[in-house]
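*Asks:* Build the full structure now, drawing on both the sequences and the hints.
These protein sequence lines are chains A and B, in that order. To convert, count from 1 in the first sequence and add 5; that's the numbering used here. To convert, count from 1 in the second sequence and add 43; that's the numbering used here.
Quick caveat, the hints were computed from the structure, so don't treat them as lab data. Just so it is clear, CB atoms sit at the ideal spot from N, CA and C, and this is done for glycine as well. Treat the hints with caution; some may be incorrect.
Among chain B residues calculated to face chain A with C-beta under 8 Å, some are [unchecked claim]: (1) L182; (2) W224; (3) F228.
Cβ-to-Cβ under 10 Å is the rule here; a few derived chain A residues that face chain B [to be verified]: (4) E196; (5) N199; (6) D291; (7) A295; (8) A299; (9) E302; (10) R314; (11) E329; (12) L330; (13) S356; (14) A364; (15) I371.
Beyond 12 Å from chain A on every Cβ pair, some chain B residues (computed) [stated by the list, open to error]: (16) H57; (17) H72; (18) L82; (19) Q126; (20) Q173; (21) I174.
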Amino acid sequence: MHLIRVLRSSTFRYAMIYMLVFGVSVAGVLGFVYWQTVRVIASQTDDTIQAEITGLAEQYRQFGLLGLVRVIRERSQAAPGRRGLYLLADRNYNRIEGNLSSWPPIARGDPDVVDFLVATNVGEDTKPQVARARTFALAGGFYLLVGRDMTERTDFTKLMTDALIGGLILTLVLGIAGGVLMSRSLLARIEGINRSTEGILQGDLARRMPVRGNRDEFDRLATSLNAMLDQIDGLMTGMRGVADNIAHDLRSPISRLRSRLEVTLMSETDAEGYRRAMEDTIREADGILATFNALLEIALAEAGAVRDRFSPIDLSALAADAGELYGPVAEEKGQVLAAEIEPGITVPGNSHLLAQTVANLLDNAIKYTPQDGRVALTVRRDGDGAILSVGDNGPGIPEAARVHVLERFVRLDASRSEPGAGLGLSLVSAVARLHKAALTLDDAAPGLRITLRFPQMVPAANGRIEAPTAPLAAESARRLA
Amino acid sequence: MRILVIEDDTQAAHYLTKGLRESGFVVDHAPDGPQGLFLATSETYDAMVVDRMLPGMDGLLIVETIRRNGNQTPVLFLSAMGQVDDRVRGLRAGGDDYLTKPYAFTELLARLEALLRRGAGPAAAQTELQIGDLKMDLLSRAVTRSGRKIDLQQREFQILEYLMRHSGQVVTRTMLLENVWNYHFDPQTNVIDVHISRLRQKIDRDFDTSLLQTVRGAGYCLRASD
Chain A
6 MHLIRVLRSS TFRYAMIYML VFGVSVAGVL GFVYWQTVRV IASQTDDTIQ
56 AEITGLAEQY RQFGLLGLVR VIRERSQAAP GRRGLYLLAD RNYNRIEGNL
106 SSWPPIARGD PDVVDFLVAT NVGEDTKPQV ARARTFALAG GFYLLVGRDM
156 TERTDFTKLM TDALIGGLIL TLVLGIAGGV LMSRSLLARI EGINRSTEGI
206 LQGDLARRMP VRGNRDEFDR LATSLNAMLD QIDGLMTGMR GVADNIAHDL
256 RSPISRLRSR LEVTLMSETD AEGYRRAMED TIREADGILA TFNALLEIAL
306 AEAGAVRDRF SPIDLSALAA DAGELYGPVA EEKGQVLAAE IEPGITVPGN
356 SHLLAQTVAN LLDNAIKYTP QDGRVALTVR RDGDGAILSV GDNGPGIPEA
406 ARVHVLERFV RLDASRSEPG AGLGLSLVSA VARLHKAALT LDDAAPGLRI
456 TLRFPQMVPA ANGRIEAPTA PLAAESARRL A
Chain B
44 MRILVIEDDT QAAHYLTKGL RESGFVVDHA PDGPQGLFLA TSETYDAMVV
94 DRMLPGMDGL LIVETIRRNG NQTPVLFLSA MGQVDDRVRG LRAGGDDYLT
144 KPYAFTELLA RLEALLRRGA GPAAAQTELQ IGDLKMDLLS RAVTRSGRKI
194 DLQQREFQIL EYLMRHSGQV VTRTMLLENV WNYHFDPQTN VIDVHISRLR
244 QKIDRDFDTS LLQTVRGAGY CLRASD
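*Replies:* Rendered as structure tokens:
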């Protein structure tokens with residue numbers, strides 16, 4: 006990875022900003038500590054000096070000039086650890102006694118506190134030091150100067166400056182190094198996602214974003230992106246499957262249609278024969294159209310796009326309508342269609358597809374149940390969800406074949422005695438998936454029971470319930486208008 | 044009766060106009076949107092058959108435009124876009140009916156005749172329908188034939204009401220499914236036939252003449268025998 010790229014990354018920029026803020030606060034803290042400490046040192050020094058001046062003035066008053074000179078001489082020769090500066094001078098500032106060689110010019114007149122440079126003769130070290138002193142005019146025209154050199158303060162200043170410079174350098178080095186490291190690692194994560202995206206753009210559709218497994222925000226991002234890609238992949242596979250199926254399954258009836266026309270052209274000679282052939286052809290074409298429409302409906306359900314436009318559907322009313330549509334058909338076959346429908350069960354869904362699903366289920370049940378059979382249509386609450394089931398006491402489906410019947414164009418009776426393209430249950434299966442409803446086929450002992458369990462219901466009072474019927478009323482209203 | 048057909052597929056338009064002319068209509072054909080709109084606004088027609096996907100202009104836009112100008116000519120949409128949403132969009136744009144391609148010509152004819160009848164028929168609020176000696180009171184929901192009361196279940200009543208409103212016309216199975224059940228798909232079994240035969244039992248069996256007739260290959264027709 007190029008360093009330039011790292012340095013230009015936003016992470017590095019943030020790291021630098023952070024470092025700047027941190028550096029300024031370090032300098033601020035140290036500066037404050039320095040300022041406070043220096044102030045304390047100065048005021049302590051001043052207090053000490055003041056106390057000594059008071060003490061020496063007292064000496065002078067009690068023991069006179071000689072006493073004062075003696076005390077000053079003693080103190081001047083004290084150990085150089087706490088170096089005091091003393092000078093006693095006459096009215097012309099000539100030295101009488103003390104460890105300063107001469108009266109500092111700056112201290113003439115009557116200043117209160119003076120800071121000056123001094124080359125002390127105290128100890129071996131004679132380099133110039135900053136000193137701080139007070140002057141005091143004694144009775145009798147003598148001047149007294151008491152001071153302290155400020156080595157302590159100078160040392161402290163130096164210490165603080167060193168700490169400040171060192172600290173800032175350290176912050177700078179660590180900040181830049183940390184920024185580079187952090188940027189590199191973040192950039193590596195983003196680069197991984199980038200590379201995968203580019204791979205996918207170039208056609209490697211199976212590629213996914215790298216996931217490290219530590220569940221950080223990048224992992225979460227990668228996981229959602231991967232879920233999105235899976236969804237797109239699923240939809241594309243579905244589309245491809247639909248296209249394949251249409252191509253495969255419409256080819257044979259269309260070629261059958263074509264052969265029939267060809268043979269008719271060759272063999273039939275009279276108008277009646279042609280008419281019959283034409284009528285057969287139209288019937289066959291209708292069959293192809295029905296298959297085609299069923300495939301489109303399945304594709305619609307499988308694409309899942311209609312899920313965005315789900316509305317609350319009164320499943321009870323919808324099932325009751327379908328039951329009412331098929332009731333007479335069952336009676337015609339000598340069967341009983343028993344509807345046990347709990348009222349007011351509403352699920353989110355697509356009314357068109359759900360109605361067709363119930364119709365397909367009833368159609369199948371009636372078709373495959375022998376005379377005097379019984380078909381049961383049930384809608385009921387089941388916990389938080391709702392159950393729609395159609396059962397019959399017909400021959401049922403052997404357990405091994407149950408999954409199989411949900412596939413397209415599977416018909417279990419090889420004789421194909423009953424009409425139908427074998428798409429009914431695959432539509433049911435697709436619609437169930439669309440509504441996230443669990444589809445189960447089980448043994449009704451005897452017979453087959455197909456159950457759709459919808460995972461959630463819509464509170465009946467909530468939202469618009471789509472009325473499945475009453476188009477006639479709408480038409481009447483339009484006439485009146 | 045003058046019909047305007049707006050359809051860009053030449054072959055399909057040829058069959059359609061030929062079929063309509065043989066059924067006794069005078070037919071004009073427009074092969075694209077702008078021409079269709081021109082004819083629709085400059086001539087007077089009794090009904091229009093409009094394809095949805097046209098070069099130059101969507102059929103929806105044509106119908107919206109003429110409706111905005113106060114033209115109330117009945118419109119039958121023809122479209123390869125057959126989802127329920129497309130249908131709703133077509134009806135909202137001002138279409139009176141919506142037929143998905145591919146369609147049976149008999150279906151188109153039946154629907155067109157229903158539209159023409161609607162345009163010409165009395166618009167006043169009716170409280171009673173009568174075909175021959177069959178009477179239906181829409182308020183009390185009582186049905187009688189020759190003064191004899193006929194008991195109908197609700198759905199049978201709705202089917203009969205629809206047939207009576209379209210008496211003398213061919214009513215297809217799909218029209219019944221759409222208008223009575225609001226189903227926009229074809230159930231595999233011919234469920235409508237069963238319902239019609241029950242209705243026929245009730246209104247025709249005990250009488251000399253039958254009112255409800257099956258039109259082979261098309262649907263049903265309720266008409267008073269002459």
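*Asks:* Taking the earlier hints as the rules, which of them does this structure contradict?
*Replies:* Result: hints 1, 4, 5 and 19 break, sorted rising.
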